[in-house]
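There are 2 protein chains.
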Amino acid sequence: MWPDLSCDVKLSSKWWGWGDASKSYDLETRPRFFRFLQEKLEITGEIIQQPVSLDSVKVSGTRVEEAFARRLMNIFGEENVQLDDKERFLHSLGKGYLDLIRGWKGAPSGVPDVVVYPTSESQIERLFSESAQWSFVVVPYGGATSVVGGVESHTKDAKPVVCLDFKLMNKILEVDGRSVLAKVQPGCLGPELEKALNATGLTLGHFPQSFEYSSVGGWVATRSAGYESTRYGKIEEMVENLRLVTPMGIIETPLVPASATGPDLLQILVGSEGTIGAITSVTLKLRKAPQSRSYVGVLFKTFTDGIEAVREMMQKEIIPNVIRLSDPNETKASLALASHNHGSLIERIGTWYLTRRGYFGSEGVVLILAFEGSPEWVDFERKRALATCRSFGGFSAGSGPGRIWYKERFDLPYLRDKLMGMGVLADTLETATTWSRLPGLHSKIMEAFTSAFQELHVSGYAMAHISHEYRTGASLYFTFMAKQLADREEEEWRLIKNRVTDVIVKAGASLSHHHGIGVEHAKWMGEYYGPLGIRVLKAVKHELDPMAIMNPDKLLPAS
Amino acid sequence: MWPDLSCDVKLSSKWWGWGDASKSYDLETRPRFFRFLQEKLEITGEIIQQPVSLDSVKVSGTRVEEAFARRLMNIFGEENVQLDDKERFLHSLGKGYLDLIRGWKGAPSGVPDVVVYPTSESQIERLFSESAQWSFVVVPYGGATSVVGGVESHTKDAKPVVCLDFKLMNKILEVDGRSVLAKVQPGCLGPELEKALNATGLTLGHFPQSFEYSSVGGWVATRSAGYESTRYGKIEEMVENLRLVTPMGIIETPLVPASATGPDLLQILVGSEGTIGAITSVTLKLRKAPQSRSYVGVLFKTFTDGIEAVREMMQKEIIPNVIRLSDPNETKASLALASHNHGSLIERIGTWYLTRRGYFGSEGVVLILAFEGSPEWVDFERKRALATCRSFGGFSAGSGPGRIWYKERFDLPYLRDKLMGMGVLADTLETATTWSRLPGLHSKIMEAFTSAFQELHVSGYAMAHISHEYRTGASLYFTFMAKQLADREEEEWRLIKNRVTDVIVKAGASLSHHHGIGVEHAKWMGEYYGPLGIRVLKAVKHELDPMAIMNPDKLLPAS
Numbered sequence: 240m241w242p243d244l245s246c247d248v249k250l251s252s253k254w255w256g257w258g259d260a261s262k263s264y265d266l267e268t269r270p271r272f273f274r275f276l277q278e279k280l281e282i283t284g285e286i287i288q289q290p291v292s293l294d295s296v297k298v299s300g301t302r303v304e305e306a307f308a309r310r311l312m313n314i315f316g317e318e319n320v321q322l323d324d325k326e327r328f329l330h331s332l333g334k335g336y337l338d339l340i341r342g343w344k345g346a347p348s349g350v351p352d353v354v355v356y357p358t359s360e361s362q363i364e365r366l367f368s369e370s371a372q373w374s375f376v377v378v379p380y381g382g383a384t385s386v387v388g389g390v391e392s393h394t395k396d397a398k399p400v401v402c403l404d405f406k407l408m409n410k411i412l413e414v415d416g417r418s419v420l421a422k423v424q425p426g427c428l429g430p431e432l433e434k435a436l437n438a439t440g441l442t443l444g445h446f447p448q449s450f451e452y453s454s455v456g457g458w459v460a461t462r463s464a465g466y467e468s469t470r471y472g473k474i475e476e477m478v479e480n481l482r483l484v485t486p487m488g489i490i491e492t493p494l495v496p497a498s499a500t501g502p503d504l505l506q507i508l509v510g511s512e513g514t515i516g517a518i519t520s521v522t523l524k525l526r527k528a529p530q531s532r533s534y535v536g537v538l539f540k541t542f543t544d545g546i547e548a549v550r551e552m553m554q555k556e557i558i559p560n561v562i563r564l565s566d567p568n569e570t571k572a573s574l575a576l577a578s579h580n581h582g583s584l585i586e587r588i589g590t591w592y593l594t595r596r597g598y599f600g601s602e603g604v605v606l607i608l609a610f611e612g613s614p615e616w617v618d619f620e621r622k623r624a625l626a627t628c629r630s631f632g633g634f635s636a637g638s639g640p641g642r643i644w645y646k647e648r649f650d651l652p653y654l655r656d657k658l659m660g661m662g663v664l665a666d667t668l669e670t671a672t673t674w675s676r677l678p679g680l681h682s683k684i685m686e687a688f689t690s691a692f693q694e695l696h697v698s699g700y701a702m703a704h705i706s707h708e709y710r711t712g713a714s715l716y717f718t719f720m721a722k723q724l725a726d727r728e729e730e731e732w733r734l735i736k737n738r739v740t741d742v743i744v745k746a747g748a749s750l751s752h753h754h755g756i757g758v759e760h761a762k763w764m765g766e767y768y769g770p771l772g773i774r775v776l777k778a779v780k781h782e783l784d785p786m787a788i789m790n791p792d793k794l795l796p797a798s
Numbered sequence: 240m241w242p243d244l245s246c247d248v249k250l251s252s253k254w255w256g257w258g259d260a261s262k263s264y265d266l267e268t269r270p271r272f273f274r275f276l277q278e279k280l281e282i283t284g285e286i287i288q289q290p291v292s293l294d295s296v297k298v299s300g301t302r303v304e305e306a307f308a309r310r311l312m313n314i315f316g317e318e319n320v321q322l323d324d325k326e327r328f329l330h331s332l333g334k335g336y337l338d339l340i341r342g343w344k345g346a347p348s349g350v351p352d353v354v355v356y357p358t359s360e361s362q363i364e365r366l367f368s369e370s371a372q373w374s375f376v377v378v379p380y381g382g383a384t385s386v387v388g389g390v391e392s393h394t395k396d397a398k399p400v401v402c403l404d405f406k407l408m409n410k411i412l413e414v415d416g417r418s419v420l421a422k423v424q425p426g427c428l429g430p431e432l433e434k435a436l437n438a439t440g441l442t443l444g445h446f447p448q449s450f451e452y453s454s455v456g457g458w459v460a461t462r463s464a465g466y467e468s469t470r471y472g473k474i475e476e477m478v479e480n481l482r483l484v485t486p487m488g489i490i491e492t493p494l495v496p497a498s499a500t501g502p503d504l505l506q507i508l509v510g511s512e513g514t515i516g517a518i519t520s521v522t523l524k525l526r527k528a529p530q531s532r533s534y535v536g537v538l539f540k541t542f543t544d545g546i547e548a549v550r551e552m553m554q555k556e557i558i559p560n561v562i563r564l565s566d567p568n569e570t571k572a573s574l575a576l577a578s579h580n581h582g583s584l585i586e587r588i589g590t591w592y593l594t595r596r597g598y599f600g601s602e603g604v605v606l607i608l609a610f611e612g613s614p615e616w617v618d619f620e621r622k623r624a625l626a627t628c629r630s631f632g633g634f635s636a637g638s639g640p641g642r643i644w645y646k647e648r649f650d651l652p653y654l655r656d657k658l659m660g661m662g663v664l665a666d667t668l669e670t671a672t673t674w675s676r677l678p679g680l681h682s683k684i685m686e687a688f689t690s691a692f693q694e695l696h697v698s699g700y701a702m703a704h705i706s707h708e709y710r711t712g713a714s715l716y717f718t719f720m721a722k723q724l725a726d727r728e729e730e731e732w733r734l735i736k737n738r739v740t741d742v743i744v745k746a747g748a749s750l751s752h753h754h755g756i757g758v759e760h761a762k763w764m765g766e767y768y769g770p771l772g773i774r775v776l777k778a779v780k781h782e783l784d785p786m787a788i789m790n791p792d793k794l795l796p797a798s
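Which chain is which? The protein sequence lines are A and B, in order. Read in the working numbering, the first sequence has 690 at position 451, and its numbers run on one by one without any break. Read in the working numbering, the second sequence has 485 at position 246, and its numbers run on one by one without any break.
Each statement offered as a hint is correct.
Note that identical chains are pooled: a pair holds if it fits in a single copy or bridges any two copies.
Cut-off 30 Å, straight-line C-alpha distance, at most; resulting in silico cross-link-like pairs (DSS-like, lysine-lysine):
no.	residue 1	residue 2
1	K555	K410
2	K398	K762
3	K745	K410
4	K745	K422
5	K410	K646
6	K297	K736
7	K683	K422
8	K646	K253
9	K395	K344
10	K777	K762
11	K422	K555
12	K527	K622
Keep in mind that the hints were calculated from the coordinates and are not lab data.
Whenever a hint applies, use it, and build me the whole structure from the sequences.
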């Protein structure tokens with residue numbers, strides 16, 4: 240039985256998992272996939288655990304002194320300062336595996352001492368000016384969908400943590416239709432933004448997996464990528480101008496399309512993960528909303544064939560909006576998952592035929608392509624893409640697989656919640672590298688998963704897809720699942736995460752392509768950027784946040 | 240009569256002007272353009288001055304002590320250390336107007352004390368390690384085509400200036416064809432690079448005006464843009480990885496196509512203009528060499544029509560390689576200039592016809608489009624672009640204007656040398672802004688030129704084109720000419736430059752879109768980036784170059 244979700248949760252509809260509390264992943268109607276998981280993970284499929292009730296969670300009392308609380312109420316308004324235990328606990332949880340574990344078990348960690356809801360930039364300036372009198376640290380809080388420990392707040396000393404929740408600063412301040420620019424407050428969530436832009440015929444075109452719950456400020460602070468980044472770029476390429484309040488004052492970059500004026504200040508501030516200031520406005524580069532959309536699935540006999548086709552497409556500058564190539568393991572899972580969807584071309588022409596031609600062998604893979612734009616462009620680019628696929632033995636499976644992917648593209652995080660109930664660890668991690676290094680890196684990471692599962696003596700399953708492609712390389716996105724080690728959940732997860740991330744960093748691949756650093760990746764930053772690189776980042780932080788008020792323990796390795 | 244150019248100049252074929260000494264701009268065969276200039280600038284057209292002979296230039300003696308010179312010879316090899324006056328003088332000259340004045344007059348300024356030619360990164364490391372014992376500053380030197388004072392070297396104190404000429408570090412170290420990447424040394428010049436890449440079917444696609452003489456290191460250090468940047472991006476988008484030797488050691492960014500790992504270290508180092516270290520290798524993102532190329536000229540009745548057509552193209556994501564829209568003044572000059580080219584469609588159908596239809600009125604403008612890629616893409620994109628132009632009254636003038644532009648695209652700097660002989664100040668400056676602000680900015684800048692000419696009581700002519708387009712805006716590139724004020728050349732130039740740049744910065748436009756900062760733009764940097772922005776850039780510099788050895792007086796405003 241699922242836990243009662245009707246608890247009075249103002250801020251997160253489902254604090255112990257993903258998204259909409261009324262929604263859960265329907266595994267029952269996917270019997271083949273259910274069996275697939277039972278077999279691979281050696282689980283019964285029974286629900287063996289459920290999250291504790293929110294009321295039962297014991298949270299340490301706030302360290303905020305009454306006089307400081309009064310100052311905060313003076314600045315933000317009484318109604319916008321929350322010292323309540325439940326609210327504070329909820330503001331400590333992101334959406335990483337460890338967050339979920341803490342949620343399910345009701346084991347608080349990194350809980351802020353007070354939550355404030357600014358309504359203006361000047362309130363945040365006033366907060367910083369209090370640092371002359373009061374000792375505290377500040378953790379900016381957006382949609383709280385970080386999967387790398389970007390939400391939790393730690394302080395080594397006894398300084399109280401002020402969580403700055405941007406939920407009330409969620410306005411679109413200005414749309415410049417002639418320049419396709421929108422100036423937006425950081426708390427604006429994906430659906431709010433797209434709805435307003437679409438009404439004027441525009442789109443940002445940024446659709447991360449977390450789209451429904453993540454915020455503009457969070458995207459920009461973490462260098463997020465959406466599933467259409469292959470065509471539209473990552474969020475850092477969608478920012479024309481940025482404004483932050485730092486403990487040293489306001490910093491704003493020029494509102495210009497490009498410049499040759501020294502190191503790029505904008506790209507210093509983008510990705511700073513709240514460690515040097517709080518973003519108060521972002522001017523986003525928009526585009527015309529597409530008139531036409533097309534999906535197509537393509538089957539390849541091997542992962543290598545698929546990689547070569549995708550590489551060739553990118554290097555011929557054939558750029559679909561989405562290029563998502565599953566590896567053999569992910570293909571097997573997808574086919575099991577998709578088997579309840581009837582009527583696709585694959586079903587109709589018969590799996591037996593394709594199997595005979597070698598497309599459903601153990602090495603077979605599925606590629607999903609999506610095209611968005613004017614009808615003539617969609618037609619032109621799809622033809623070119625499919626011709627390239629065919630030259631590597633690609634077999635077009637029609638629009639079915641792509642449409643299924645599109646329909647369910649935001650649903651997979653719900654599956655994780657269901658699996659958690661069955662005692663399954665499920666998480667994702669990602670990287671990016673050049674085409675030359677990509678196949679070798681994929682193999683090494685898969686081996687690292689396998690040996691981590693063996694080391695832990697658990698049944699596990701890892702799978703990957705290539706997405707977010709570039710002319711020079713692509714990102715590799717891994718999903719991994721394993722039977723949970725009861726009461727050793729964190730240790731189990733850390734061992735897998737460490738083994739794999741070590742492989743990534745040693746291979747010189749991206750420590751993260753779009754999840755960011757947060758608390759969880761910080762310890763690898765030194766190896767990733769080298770000692771001088773870290774000194775540069777620390778110098779920037781020190782200049783804007785000399786008293787180390789902002790987001791302690793995130794992004795930079797402990798010195 | 241032109242000066243004798245046979246002087247023994249090893250390093251710059253034409254130290255007092257542009258490029259190839261055997262080449263000069265053929266104004267005689269362009270009688271209409273010659274008359275146009277005579278009329279606008281009120282000049283006779285007679286050659287009234289010529290550059291001094293190199294031998295007559297008096298250069299202050301080197302401040303390098305003999306023992307330090309011996310150390311340098313020990314590090315770089317005797318043959319790669321030059322203390323000769325002539326060499327040192329030549330290494331003080333870029334290609335800005337003030338450089339040319341210094342050259343013509345033989346008036347040295349910012350002359351380095353010694354020129355060294357490193358052949359390896361470790362030699363530069365050894366040079367920096369000498370700073371414990373010897374006091375000196377270092378000025379990196381590439382193709383020396385800076386037009387913003389990027390070459391000259393100043394020191395406030397008596398520290399000798401070591402010019403680090405990268406001419407011997409010009410190898411292509413590695414080409415990764417699978418990932419379309421090339422690792423290149425900084426001294427590699429444009430033509431050398433393209434020739435080698437083209438041989439393997441690849442191209443960088445970076446063609447700045449200075450292409451024939453500028454270097455990879457210079458491009459990356461200054462955020463250069465080529466004429467195809469609309470499609471291929473500026474140089475900062477073509478760099479996958481960068482390695483520098485700084486006074487604090489080597490810093491190298493990860494070789495990854497994209498990442499979400501905090502502030503972008505790569506974009507901190509790109510554009511640093513030699514102020515924090517010397518670039519020793521760049522991994523460049525390549526593309527397949529295009530199979531097909533097409534040019535087309537389009538006439539519009541007004542600049543506004545042209546701007547709207549270009550904006551619409553960009554926002555419909557129709558992206559030609561080149562979009563170059565002349566304003567009415569530049570159109571008049573171009574038509575005068577082009578009138579010796581026979582056989583173009585314009586000539587054939589008769590100017591009278593188009594004039595009657597309003598295309599050659601005083602407001603008429605010319606747009607040049609270029610498309611490069613696969614034949615089917617060129618065809619597809621050209622059709623879409625022309626349809627957009629037509630919807631704004633654009634009249635296709637065939638391939639003639641575009642072909643002429645392409646043929647002569649590297650020739651215009653030669654014209655400046657010729658004009659100098661006639662007593663004409665000729666220079667360019669550029670900026671970028673959003674589409675909303677662009678027409679207003681263009682007007683304000685044109686007014687600033689006019690009032691500067693009036694203030695100086697000189698006849699002048701200013702004209703502009705829009706190029707380097709983005710969805711959200713574009714760059715504005717101005718050429719200005721005025722009758723020289725004899726013996727007040729620098730004062731005259733500075734007044735014009737100051738008046739116009741003040742307008743640019745006050746309007747919130749780019750202080751530079753692709754020329755960079757150097758010495759000449761540094762004083763505006765504070766206003767452009769704001770006090771906190773400058774503090775961040777200074778903190779980065781201080782961290783990597785705490786003793787302020789690198790490129791003094793460039794990029795950052797004096798503190």
